[in-house]
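Protein chains: 2
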Amino acid sequence: MFHFASRLNHAIRSKQTPALVGLDPRFDQLPESVIANASERAGSCERARKAAAFEEFSKRIIDVVSPLVPAVKPQAAFFEELGSTGCIALERVIRHARDAGLIVICDAKRGDIGSTAEAYARGYLAGADPAAAAWAADALTVNPYLGIDTLQPFVDVAEERGAGIYVLVRTSNPGAAAFQDITDVGGKTVYQHVAAAVESLAGKSIEDGFGSVGAVVGATYPKELAELRAVMPHVPLLIPGYGSQGAGAEDVAAAFRDDGLGALINSSRGINFAYNKAPYSEQFAPKDWEQAVEAATRDMIADFAERTAAGSLRTPLGDS
Amino acid sequence: MFHFASRLNHAIRSKQTPALVGLDPRFDQLPESVIANASERAGSCERARKAAAFEEFSKRIIDVVSPLVPAVKPQAAFFEELGSTGCIALERVIRHARDAGLIVICDAKRGDIGSTAEAYARGYLAGADPAAAAWAADALTVNPYLGIDTLQPFVDVAEERGAGIYVLVRTSNPGAAAFQDITDVGGKTVYQHVAAAVESLAGKSIEDGFGSVGAVVGATYPKELAELRAVMPHVPLLIPGYGSQGAGAEDVAAAFRDDGLGALINSSRGINFAYNKAPYSEQFAPKDWEQAVEAATRDMIADFAERTAAGSLRTPLGDS
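In the order they appear, the protein sequences are chains A and B.
Sequential numbering from 3 applies to the first sequence in my numbering.
Sequential numbering from 3 applies to the second sequence in my numbering.
So here's chain A without its partners, still in its complex pose:
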């Protein structure tokens, strides 16, 4: 099994859920015990201390969720903020997740032209063989603003390596419409133009129903989500916005095919920092933050199984 869509679908079927756990280490929200451990190991350099804490926190989340979900999505920005010491931590976190058998989507939203785009693609898209790229990811989020020609180098490297890309189509932020919703004289919006290009790129190499080219579509815009699922039938979706950003299972239901495939639904803060929020903060002490991560992950999985077609992923004999 080599093609990204086959590997992704296999992971989703194996775990019987489309739940994707984002890894968003935010220093001021980390459990005290994680910070104390890191300070002991990394000494007084602030960036090294934070990087050690990010690495430990992310790896421990991976250890908790790897039996439960098909994929994780580390957010590059938080690691990069710390400079190269953060980048070392990100490399290790990605490798830890790959070693745990997870699909890893590096959320770095890269985009550039020609041979520069190719450099990003070669650096991040390891695909089927984690040793093929420095960052060892299965997939990368990519920004389409520069044009379709600038997506092609990412597509080429992805297909060569069994990797995937997720192109930003409709993002989950409140101001997403500013440029994405600009509408041409034919009534077609920018995000619809991008969606058409993404479906076309995905359609060139389909396996197990989907291409290697996916799309990011925010759960916070359910109407657009339903429309985009229809116009991109061969495109695996990555849906941010569930949980902390305000969307519920009903808002993401349109992302799935009847068999429960077709989308990963991400939650980052709602899982990572569950220990800090009701109802988990009432059930778990801060030192038991990993139990809160597990409980929140199981609740998200149940939510999708009960309220969306993702329930079809479960065997007739019930969940495992």
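These aren't lab readings, by the way, just hints derived from the structure by calculation.
Where hints are given, some of them may not hold.
Just so you know, same-sequence chains aren't split out, so a pair can sit in one copy or run between any two.
What the hints assert, rightly or not - Derived lysine-lysine pairs resembling DSBU-like cross-links, with alpha carbons at most 35 Å apart:
| hint | residue 1 | residue 2 |
| --- | --- | --- |
| 1 | Lys61 | Lys279 |
| 2 | Lys190 | Lys61 |
| 3 | Lys289 | Lys61 |
| 4 | Lys225 | Lys279 |
| 5 | Lys190 | Lys279 |
Keeping the supplied structure of chain A fixed, place chain B upon it in accordance with the hints.
Just chain B now, kept in the frame of chain A:
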């Protein structure tokens, strides 16, 4: 002097040129002597060897051009391709350029939402104090696709630290029009909408005629460049596409105000690998590649001085 525009204008006036040297280390085009040195120091690990070569090559270019030009633009992708070992090299290259008194624009084309955008901004935008951010850059290139609200965290950090951002408005690649030229019913293109937003953001904090928010506009589209200079009077421009991408001095002339301020014109490959191209390859042996860098830089500076308003930057008594 703290504000980005004041610092940038001061650098342009001091060097009497808007020439910007891109640092695009491409391993297969590096001079043999640089690769040999790096192999000796870094041993057999391929990524470490390449990173050492990139660092040496970039620092030696900086040493050659720092007396001649106001700014350099390292391309993050080539360093990132090598993973964290490349990121360490990039950090060192940026610091070396700052130590040489250059304005450093990190070309990383970042973009994300809310607090994630803020993490990128805090990590890259050091501004007036190189110690303020891990990557120590004066400015960062930023992708606007996600919306105006996602540019704001970059603007806030930039203004707080005397840093700048350059928002992609019209890029230099052949397929730039695919999404950037989508035109609304009022006849306004996507890039014009982005330009209006950029001018509005820049206008909120002007010093020495310009804001902290700049724009990337490709030299390969001269008609659009003239139009964009007019609608973004307070926006410092970063113009890629001169030289290897095919544009000449006449194509970038419209980027300048009459006093020669308002734009930096970038050349990367044409300077970095001048030793490999006529006429420099006929004048300099490969081992004298730094002399080719200097000659190509001086030729670019003379080209702008003779054929654009950048000539106004020179004192009446002639160039220095």
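Evaluation of the provided hints:
1. Taking CA atoms no more than 35 Å apart as the test, lysine 61 paired with lysine 279 passes inside one copy only; the shortest distance there is 21 Å, against 49 Å between copies.
2. Taking the shortest alpha-carbon separations for lysine 190 and lysine 61, neither the intra-copy value of 43 Å nor the inter-copy value of 48 Å comes in at or below 35 Å.
3. With identical chains, the CA atoms of lysine 289 and lysine 61 are at most 35 Å apart within one copy only, with a shortest distance of 16 Å there and 47 Å across copies.
4. In the homo-oligomer, the alpha carbons of lysine 225 and lysine 279 lie at most 35 Å apart inside one protomer (29 Å), although the nearest pairing across protomers, at 54 Å, exceeds that limit.
5. In this assembly of identical chains, lysine 190 and lysine 279 lie within 35 Å of each other by CA distance neither inside one copy nor across copies; the values are 41 Å within and 45 Å between.
The structure fails hints 2, 5 (numbered hints given earlier, in ascending order).
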